[in-house]
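Chemist: Using the UniProt record's numbering, the letters of the sequence shown map in sequence onto residues 1 to 486.
Treat the hints as calculated values from the structure; they're not laboratory data. Honestly, I wouldn't trust all of these hints.
[As the list claims (entries may be wrong)] Calculated pairs, BS3-like style, for lysine-lysine (alpha carbon to alpha carbon, straight line, at most 27 Å): (1) 142 x 32; (2) 332 x 351; (3) 249 x 4; (4) 329 x 351.
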Amino acid sequence: MYTKTIKQLSALLQARDISASELASLYLARIKQSDLNAYIDVNEELTLQQAKAADDRLASGTATALTGIPIAHKDIFVTRGWRSTAGSKMLENYVSPFDATVVARFNSAGTVTLGKVNCDEFAMGSSNENSYFGAVKNPWDKTAIPGGSSGGSAAAVAGRLAPGATATDTGGSIRQPAAMCGVTGIKPTYGRVSRFGMIAFASSLDQGGPMARTAEDCGLLLNAMTGFDERDSTSIDRPTEDFTRDLGKPLAGLRIGVPREYFGEGLAADVEQAVRAALKEYEKLGATLVDISLPKTELSIPVYYVIAPAEASSNLSRFDGVRYGHRAKDYKDLADMYCKTRAEGFGDEVKRRILVGAYVLSHGYYDAYYLQAQKIRRLIAQDFQNAFQSCDVIMGPVAPTVAWDLGAKADDPVANYLADIFTLSTSLAGLPGMSIPCGFGQGDKNGKRPVGLQIIGNYFDEARLLNVAHQFQLATDWHQRAPDSV
1 MYTKTIKQLS
11 ALLQARDISA
21 SELASLYLAR
31 IKQSDLNAYI
41 DVNEELTLQQ
51 AKAADDRLAS
61 GTATALTGIP
71 IAHKDIFVTR
81 GWRSTAGSKM
91 LENYVSPFDA
101 TVVARFNSAG
111 TVTLGKVNCD
121 EFAMGSSNEN
131 SYFGAVKNPW
141 DKTAIPGGSS
151 GGSAAAVAGR
161 LAPGATATDT
171 GGSIRQPAAM
181 CGVTGIKPTY
191 GRVSRFGMIA
201 FASSLDQGGP
211 MARTAEDCGL
221 LLNAMTGFDE
231 RDSTSIDRPT
241 EDFTRDLGKP
251 LAGLRIGVPR
261 EYFGEGLAAD
271 VEQAVRAALK
281 EYEKLGATLV
291 DISLPKTELS
301 IPVYYVIAPA
311 EASSNLSRFD
321 GVRYGHRAKD
331 YKDLADMYCK
341 TRAEGFGDEV
351 KRRILVGAYV
361 LSHGYYDAYY
371 LQAQKIRRLI
381 AQDFQNAFQS
391 CDVIMGPVAP
401 TVAWDLGAKA
411 DDPVANYLAD
421 IFTLSTSLAG
431 LPGMSIPCGF
441 GQGDKNGKRP
451 VGLQIIGNYF
461 DEARLLNVAH
471 QFQLATDWHQ
481 RAPDSV
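Just need the whole structure built from these sequences, with the hints factored in.
Modeler: So, in structure tokens, the structure goes:
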């Protein structure tokens, strides 16, 4: 049963061939036996209560397409009844008195929460090694990273510990772990998904999205996640839509932009080979490849690592030991309590980004760094608009390499930053983007580390992206393959 997609499970639940309680119990048993470290908090009693409520709803005939479907929530979304830690010692034992909008919307749809999944601390990282609760293991190769920051979400879906999961993407944290774990993930247009109750990292970049096995499943999850929220000042007020509405449309005439900057120095040969093969498959499906340029791509790393830390330094100033979260035990006065609490509560990567952010926002440096970065951000967004004059979607690699070994870049933060070169610009522009499995690389000597194909669309073009991915998945079986450990 755990090998089935959300779409398949929904049909079984609706036909009453399996109950939500039985399905939840099956996944809880798998989570208990897993050694991936994907979950931070599991509350079996609460999960089964939700499953019982879903069964009642199914029996009454008031179910939605997602009623009874078990999902996991990235531990950046606050939840009642489960801890909401953001992967940090600072919030190790924090239990929220309210649900994030995303969580509340899934609850309204009748989904069943399996638990909270691991992530880099405050979503800062590309490997999931920055979590206070330890690194997550990649189900394809347990000596490899799963990607980050949503590594727990990706590992849970790839390891069949959940059929779907919520995630967040600030600079690639849905697409990159989805690619490295061989699952499908989509980051919608900025503002599509409410950030209310999402523990903030960089407010102008953070965006929630789903991960699942297939594009069709991601569309079903996205239907529940999106919508205007007056409690989020960045939420976009647009009519609700069915993101699965275009599934089944042929791709004849689709123009695929292939950025030359995505296939240059630094791209591993095995990744390029898998991506090029996927592009050829799209040509077979009737699409046309168009050579395009995104000239500011290489500037996305310095721009992102000015803007994101600046916003993080502001957002994380609230964690001072006064209101909630960790507080140092021994201190002399208020200032000493602040200093010791933050020194003890934050990990190295979070401290690093707070320091960088405070520096670029300081008097004398704001104009030289932060303001210039915002100007280049606008130019990066304009590059995409120029490209979309000659193409409908853009495709390329998600990351320059397959997943690397756990600990391989632990002492080199810049090497971690460079791994985001192909995802950062999409986030800076606020565009929708997704990753789908398209092959395996040889970077681990045994060819069992997945490669993801990145698909980028124009604003609010998620339905098209999902169909473009869906057609590829109808023609190939990369998304159906499972790790040996499953």
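Chemist: Are the hints correct? Go through all of them and say.
Modeler: Now the hints, each set against the structure:
| no. | hint | result |
| --- | --- | --- |
| 1 | 142 x 32 | 17 Å, holds |
| 2 | 332 x 351 | 22 Å, holds |
| 3 | 249 x 4 | 24 Å, holds |
| 4 | 329 x 351 | 20 Å, holds |
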